[in-house]
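Chemist: One-letter residues, chain by chain:
Protein chains: 4
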Amino acid sequence: MTSVAFIGLGHMGAPMAANLVKAGLTVRVFDLVPETIKSLTDLGAIASSSACGAAAGADVVITMLPAGKHVRSLYLGESGGGEGKGLIDVVAKGTLLIDCSTIDAQSAQVVAKFAVEKELEFVDAPVSGGTAGAAAGTLTFICGGSDTGFEQAKEVLSNMGANIFHAGGAGAGQVAKICNNMLLSVLMVGTSESLQMGIDHGLDPKVLSEIMKVSSGGNWTLNKYNPCPDVMESVPSSNGYQGGFMVDLMVKDLGLSQEAALLSNSSTPMGALARSLYVNHARQGNGTRDFSSIFEQFANVQQIKNKG
Amino acid sequence: MTSVAFIGLGHMGAPMAANLVKAGLTVRVFDLVPETIKSLTDLGAIASSSACGAAAGADVVITMLPAGKHVRSLYLGESGGGEGKGLIDVVAKGTLLIDCSTIDAQSAQVVAKFAVEKELEFVDAPVSGGTAGAAAGTLTFICGGSDTGFEQAKEVLSNMGANIFHAGGAGAGQVAKICNNMLLSVLMVGTSESLQMGIDHGLDPKVLSEIMKVSSGGNWTLNKYNPCPDVMESVPSSNGYQGGFMVDLMVKDLGLSQEAALLSNSSTPMGALARSLYVNHARQGNGTRDFSSIFEQFANVQQIKNKG
Amino acid sequence: MTSVAFIGLGHMGAPMAANLVKAGLTVRVFDLVPETIKSLTDLGAIASSSACGAAAGADVVITMLPAGKHVRSLYLGESGGGEGKGLIDVVAKGTLLIDCSTIDAQSAQVVAKFAVEKELEFVDAPVSGGTAGAAAGTLTFICGGSDTGFEQAKEVLSNMGANIFHAGGAGAGQVAKICNNMLLSVLMVGTSESLQMGIDHGLDPKVLSEIMKVSSGGNWTLNKYNPCPDVMESVPSSNGYQGGFMVDLMVKDLGLSQEAALLSNSSTPMGALARSLYVNHARQGNGTRDFSSIFEQFANVQQIKNKG
Amino acid sequence: MTSVAFIGLGHMGAPMAANLVKAGLTVRVFDLVPETIKSLTDLGAIASSSACGAAAGADVVITMLPAGKHVRSLYLGESGGGEGKGLIDVVAKGTLLIDCSTIDAQSAQVVAKFAVEKELEFVDAPVSGGTAGAAAGTLTFICGGSDTGFEQAKEVLSNMGANIFHAGGAGAGQVAKICNNMLLSVLMVGTSESLQMGIDHGLDPKVLSEIMKVSSGGNWTLNKYNPCPDVMESVPSSNGYQGGFMVDLMVKDLGLSQEAALLSNSSTPMGALARSLYVNHARQGNGTRDFSSIFEQFANVQQIKNKG
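Chains as they are written, first to last, in this note's numbering: chain A, 35 to 342; chain B, 35 to 342; chain C, 35 to 342; chain D, 35 to 342.
Rather than coming from a laboratory, the hints here were simulated on the basis of the structure. Mixed in with the good hints, there may be bad ones.
What the hints assert, rightly or not - Which chain D residues face chain A? A few, computed with CB under 7 Å, are given here:
(1) Leu66
(2) Ser82
(3) Ser83
(4) Gly87
(5) Gly91
(6) Gly274
(7) Gln292
(8) Leu297
(9) Ser301
(10) Val313
Stated by the list, open to error - When the alpha-carbon atoms are kept at most 27 Å apart in a straight line, the in silico DSS-like pairs for lysine-lysine are as follows:
(11) C:Lys240 x D:Lys247
(12) D:Lys258 x C:Lys258
(13) D:Lys247 x C:Lys247
(14) C:Lys240 x D:Lys119
(15) B:Lys103 x C:Lys56
(16) D:Lys119 x C:Lys247
(17) A:Lys147 x B:Lys152
(18) B:Lys119 x C:Lys56
(19) D:Lys258 x A:Lys103
(20) D:Lys247 x C:Lys188
(21) B:Lys247 x A:Lys240
(22) A:Lys103 x D:Lys188
(23) B:Lys247 x A:Lys286
(24) D:Lys72 x A:Lys119
(25) B:Lys103 x C:Lys103
(26) C:Lys147 x B:Lys147
(27) B:Lys188 x A:Lys240
(28) B:Lys152 x A:Lys247
(29) C:Lys247 x D:Lys240
(30) D:Lys286 x A:Lys103
(31) D:Lys188 x C:Lys240
(32) C:Lys56 x C:Lys247
(33) C:Lys286 x B:Lys103
(34) D:Lys103 x C:Lys188
(35) D:Lys286 x C:Lys247
(36) A:Lys247 x B:Lys119
(37) C:Lys258 x D:Lys247
(38) A:Lys247 x B:Lys103
(39) D:Lys286 x A:Lys286
(40) C:Lys72 x B:Lys286
By construction, the Cβ of each residue, glycine as well, lies at the ideal position given by its N, Cα and C atoms.
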């Protein structure tokens, strides 16, 4: 039976690890915040007192951390330079390493390089689907790594997700994810301004949404996540923009996308503009609201007040 | 049997009128260019020597013209002021007027206002679907007008199109269409820059497209009209950006959308940016190429040359 | 002695007319709001009961109105079509017509065309300099019209302004003004975001302003109108963004600039973006604040609160 | 007499070092390209066979290198981690270190931190003014560092430049420079699109430039570097956009500015848009032309061809 070490039990990591336990795997867990460990051991996970302790002896190590620097220092040791004392130094040859964090592609590539030198498979596998998808086990994983690594990772990840893609070699999972999320931000802003312009001309946003959804303006936000209040049920826009995917997290992902654009000298006028609009929105105090609240940047304050 | 007057037999109008003839309707046609009339009379349409001649006595008048000024002067008379000598002065009470041109909403509303005063129904019904959809009878019509007018128009339009939407009152069809096409331009530019950034990082655009298509970046351009060469078959990007929907026409529609944004004092940062990028693209000599060629603004000239 | 008719006595028009009276000219005034006339007659102006009454017999007619439609209907008659009953029908041949309103260039050109047919000189002469400049007689006039018309206009305008430019033929004054004001909005936004980025990195905005002012980032806003609070004295940013040039007026001018860009099929990515940012700003309730308050879109709410 | 080590003798470094020699200082020079050393020794400089060789015993070390990674590895040793073998390990306490490279602020701050630990003054002093200013000794230096460091640096730098600013603490020189250059790019794009819109409406760009220069659109590009051909003499736009400041270098500086914006979570919509437009321009084959050639992105190809 596969034994898994799961490190990083935040809002996403905890329910993901829970699904591994439920699937019958042996799961050793660690987090810097002890309370989060308790919820997992209640389900049957085994507590570890350190990340390296959890990883030693595991067949698969899964990490879910905030940023590239945390991933580098955990896998490669404090300085991130591969000089020992990292996870790659304590696991056995052949161990499969899967990092589910959303981080910069460079960090993923550096860790992969050092892992390969130790004869370890490393797969970057950032997720999308939010906490709801994590709980339901319906996440999407976008993976980067070798064919072998991907096939092995797919088996484990299928306990936590519904769609598992292979984007390419090391780091490709991260690149594909931020390409997607950059595009998502553009869809969200573009859909918001189009709907609001229709409203400004007296159109019913429900009718306009129905038309565009099945026309050449059709996109994911119209299908699943309409940003205009009261057009769809059970989406954040119809619930005061609570829940969902926070503006601050979109700002983070757009930061990663712009970092990637700088590295490759790419031109991303729409993505860069979306980032600026989202930063303005966050700076105005909307950082913890759902990212579809960008719609309010285009609405009239008067309209919003009348709603409220 | 319904008798229809069809005025304006250009690339779109001619195949649309042909479908009405094929459906067994009596169709009187007129165009300023006599040659275009011939192709329709060969199919069974009746030639008229003037627009008013075609319209007099018809149950339904359909127009397909280049711009708002043509629509206003045809329906309302030379000065566009409703002082007589326009189509609305020669048709019988109860005649249904359908304008399928893509024009500014204001012009549509002005014509509708004068038509209503003469007890005529006027429906603005701009189309999407291109010349291929016009020939196949699978166009989408987005209509503005009264419920009665819409229901009547729907019956006639169903001979030429597959989807017929009612966006709202007079002018709403035009507003909905330009909202949609503005959003389309944003999808196209956003998808182009995202795909190119992936390519710049070594990803295969086919793989990246497949991933984003089923993720939150999913949109019409990924489904039907991928702008990156050789990702999809039978789309303009895989055919040197020939055919399809011309850059110049997208510039026209984006001009209409910005005109609408000015009238309603709306903010459309993405749509306005898309317009500027498309104008630059057109000015560089790409006006008659397909609008997905905006992808080349992001690609490296070197990459493009190597393709060629 | 020159006799002048001055029509439109708003915040700008009233002090402008007052300077003509002070210069010793015979000034007949009219405005739809009777109260505004009183302040001028107190200074020595002669009240008229209608615009045409003021204009009849005058050597020079000066108008200062809100928008193109007002200018067209005043000069050309209600319908704006030149069919009589406009100012051009009541003044004597050779009368000099000067419109100081900021309006669309097309309207200016239409009025000029009809005026020329009546052997009248028409000069479009939009102003900049604000109410302070109007009171002090230090306005800038940017004129469009014939050389003869310009030379005549210059003599009269010199009683109200310090700089009088000849931009070209009919309408050129309007075009030059909106080109300038579009560029001004870009300078203001660009300077704001640059200063805030410096602040975010710990720089003193005074020091950074001093450096950029004499470097290649130097521009009018750094010299005269720094948007960052407490960098310069006696500017709106150091006075809670009160006074100065209202956001709503900048939105109007940016609307005119985009209207012009649509007519000439020009690409103005920066100007279009500035317009969207200013519309968002206005919609958030900042319409009556000074236009340098756009700086707050980039600042942290927290920083702003700490100031307050 | 002050002894200076000058490391990095490229297009900028060589003429800068030459001015130090001409000023009578003892100058030891080093570059990885031996040919560049020869030109300096002809003037009286002393050749060194390594950077450390040049620096050992010098009172002042000046470096002029391409990017942050070169600066870090030269001062701090290969790994950039301060573990010895860098310039800071071979110079005497009290040596003044001046880095004139344009690099990211973080690198400047890291080097400064390690230098201070060794009781060395480190000043980041990026320059503007181009190769012409380097030759003429009229460069502008924007410095970051302690007051003491700045005062000492000012004395040496005054042999090479006309304006020497103190922007703040370590790294502040770099931040101020990229704030300025980001703003410069916005001025250049905004001025280009405004001038072209005027041209599209029939205005003479010389007349329009004269008007905006003394109005609220006034900025450095109108004063010194008009992007429209044949408006000013002796600027790149009147010389086929040859010479001046290359597009590729502007792309580099805009990359640094966006990197800084990401670090401080700043919103820079105009700067980000300028970067995308410049990257597109570079990718179309204009990388080695002067940065004012962005004007051609807005002009009509037809207009450009007629010129040529």
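Chemist: The structure should be examined with respect to each hint, and the outcome stated for every one.
Modeler: Verification of the supplied hints:
1. Leu66: This interface hint is violated because 24 Å lies over the 7 Å limit.
2. Ser82: 31 Å, violated
3. Ser83: Interface hint status for D:Ser83: violated (30 Å vs cutoff 7 Å).
4. Gly87: 28 Å, violated
5. Gly91: Cβ of D:Gly91 sits 33 Å from chain A, so the hint is violated.
6. Gly274: 24 Å, violated
7. Gln292: Holds, because the Cβ-Cβ distance from D:Gln292 to chain A comes to roughly 6 Å (cut-off 7 Å).
8. Leu297: Where the cut-off is 7 Å and the nearest Cβ of chain A is about 9 Å from D:Leu297, the hint is violated.
9. Ser301: Status holds, d = 4 Å.
10. Val313: 4 Å, holds
11. C:Lys240 x D:Lys247: Holds, at roughly 24 Å.
12. D:Lys258 x C:Lys258: Within the cut-off at roughly 19 Å; holds.
13. D:Lys247 x C:Lys247: Holds, because 15 Å separates the two Cα atoms, which is no more than 27 Å.
14. C:Lys240 x D:Lys119: 40 Å, violated
15. B:Lys103 x C:Lys56: 48 Å, violated
16. D:Lys119 x C:Lys247: Distance of about 41 Å is beyond 27 Å: violated.
17. A:Lys147 x B:Lys152: 78 Å, violated
18. B:Lys119 x C:Lys56: 54 Å, violated
19. D:Lys258 x A:Lys103: Given that 27 Å is the threshold and the Cα spacing comes to 45 Å, the pair is violated.
20. D:Lys247 x C:Lys188: 20 Å, holds
21. B:Lys247 x A:Lys240: Between B:Lys247 and A:Lys240 the Cα gap is close to 24 Å, so the pair holds against 27 Å.
22. A:Lys103 x D:Lys188: 38 Å, violated
23. B:Lys247 x A:Lys286: The hint holds at about 22 Å.
24. D:Lys72 x A:Lys119: Cα-Cα ~49 Å, so violated.
25. B:Lys103 x C:Lys103: Distance of about 18 Å is within 27 Å: holds.
26. C:Lys147 x B:Lys147: With a Cα-Cα distance of about 30 Å, the restraint between C:Lys147 and B:Lys147 is violated, given a limit of 27 Å.
27. B:Lys188 x A:Lys240: With a Cα-Cα distance of about 20 Å, the restraint between B:Lys188 and A:Lys240 holds, given a limit of 27 Å.
28. B:Lys152 x A:Lys247: 36 Å, violated
29. C:Lys247 x D:Lys240: 24 Å, holds
30. D:Lys286 x A:Lys103: Answer holds: D:Lys286 to A:Lys103 is near 25 Å, not above 27 Å.
31. D:Lys188 x C:Lys240: 20 Å, holds
32. C:Lys56 x C:Lys247: 38 Å, violated
33. C:Lys286 x B:Lys103: 25 Å, holds
34. D:Lys103 x C:Lys188: 60 Å, violated
35. D:Lys286 x C:Lys247: Status holds; Cα separation ~22 Å.
36. A:Lys247 x B:Lys119: 41 Å, violated
37. C:Lys258 x D:Lys247: 14 Å, holds
38. A:Lys247 x B:Lys103: 31 Å, violated
39. D:Lys286 x A:Lys286: With a Cα-Cα distance of about 23 Å, the restraint between D:Lys286 and A:Lys286 holds, given a limit of 27 Å.
40. C:Lys72 x B:Lys286: Outside the cut-off at roughly 50 Å; violated.
In this structure, the hints that do not hold are numbers 1, 2, 3, 4, 5, 6, 8, 14, 15, 16, 17, 18, 19, 22, 24, 26, 28, 32, 34, 36, 38 and 40, in rising order.
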